[in-house]
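Engineer: Here is what each chain is made of, one letter per residue.
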Amino acid sequence: GAGVSQSPRYKVAKRGQDVALRCDPISGHVSLFWYQQALGQGPEFLTYFQNEAQLDKSGLPSDRFFAERPEGSVSTLKIQRTQQEDSAVYLCASSSGTSGTDTQYFGPGTRLTVL
Amino acid sequence: KNEVEQSPQNLTAQEGEFITINCSYSVGISALHWLQQHPGGGIVSLFMLSSGKKKHGRLIATINIQEKHSSLHITASHPRDSAVYICAVWGGADGLTFGKGTHLIIQP
Chain Z
1 GAGVSQSPRY
11 KVAKRGQDVA
21 LRCDPISGHV
31 SLFWYQQALG
41 QGPEFLTYFQ
51 NEAQLDKSGL
61 PSDRFFAERP
71 EGSVSTLKIQ
81 RTQQEDSAVY
91 LCASSSGTSG
101 TDTQYFGPGT
111 RLTVL
Chain Y
1 KNEVEQSPQN
11 LTAQEGEFIT
21 INCSYSVGIS
31 ALHWLQQHPG
41 GGIVSLFMLS
51 SGKKKHGRLI
61 ATINIQEKHS
71 SLHITASHPR
81 DSAVYICAVW
91 GGADGLTFGK
101 GTHLIIQP
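Protein sequence lines, in the order shown, are assigned to chains Z and Y.
Start counting the first sequence at 1; every next residue gets the next number (this note's numbering).
Start counting the second sequence at 1; every next residue gets the next number (this note's numbering).
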């Protein structure tokens with residue numbers, strides 16, 4: 001595709017529900033990153049894949065957060081038993097290189113609201 | 001964990017003014033990114049720097065590795081430059097660390 005796409009763009013969940021957020025990176029991009037951006041704040045790193053390997057998940061805030069990229073392309077970020085503090089915009093980015101020293105291309109984000 | 005500080009947090013200027021946004025970080029890095037985010041919009045990468053200076057149109061970015069400091073300059077600013085400008089650093093671990101952003105408003 002022309003750019004990074006994310007779906008859904010908006011998600012409203014009741015507290016305790018599970019949600020799944022999808023990211024379609026630019027075709028052929030090796031690296032994929034997930035970030036969380038709370039209202040009025042800068043993004044914060046969640047996790048990073050190189051192809052299908054999850055190389056760094058140090059930013060995931062709790063074991064309720066799980067990410068996968070089984071075939072090295074599309075990635076899914078899953079949040080179990082959502083809490084109100086999970087409300088944020090979840091951003092996905094991809095890059096052609098294998099580290100954070102390459103330009104990252106960002107998707108439009110998924111705005112998650114937990115009621 | 002790297003601490004990334006941006007200044008100013010908010011900046012309002014008149015069209016045509018020269019704009020400078022500063023970024024400092026606490027721990028040595030491999031690369032620094034300048035990003036632009038429009039209200040309700042996605043994030044666009046402006047520059048990735050590991051040393052020296054880069055220029056793209058009216059935008060100039062510089063980095064001083066020894067002083068752990070980078071600046072983003074906008075020449076001949078225009079209302080369409082109004083956005084949040086975010087500095088982010090990569091140290092090789094813990095992913096990108098982001099500053100809180102600088103909210104820039106250019107008035108006609």
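Bear in mind the hints are in silico, worked out from the structure with no lab data behind them.
Computed from a predicted model, the values in this text were never measured in an experiment.
Don't take every hint at face value.
Computed Cβ-Cβ distance ranges for the label pairs, DEER-style [to be verified]: (1) Pro70/Z with Pro39/Y: 43 to 51 angstroms; (2) Val12/Z with Ser82/Y: 41 to 49 angstroms; (3) Ser26/Y with Gly40/Z: 17 to 25 angstroms; (4) Ser87/Z with Pro39/Y: 16 to 24 angstroms; (5) Thr76/Z with His78/Y: 24 to 32 angstroms.
Quick look at which bits of chain Y chain Z covers, simulated, 3 or more residues with Cβ under 8 angstroms [as the list claims (entries may be wrong)]: (6) 15-27; (7) 82-92.
By construction, the Cβ of each residue, glycine as well, lies at the ideal position given by its N, Cα and C atoms.
Engineer: Tell me the hint numbers this structure goes against, listed in increasing order.
Structural biologist: 1, 2, 5 and 6
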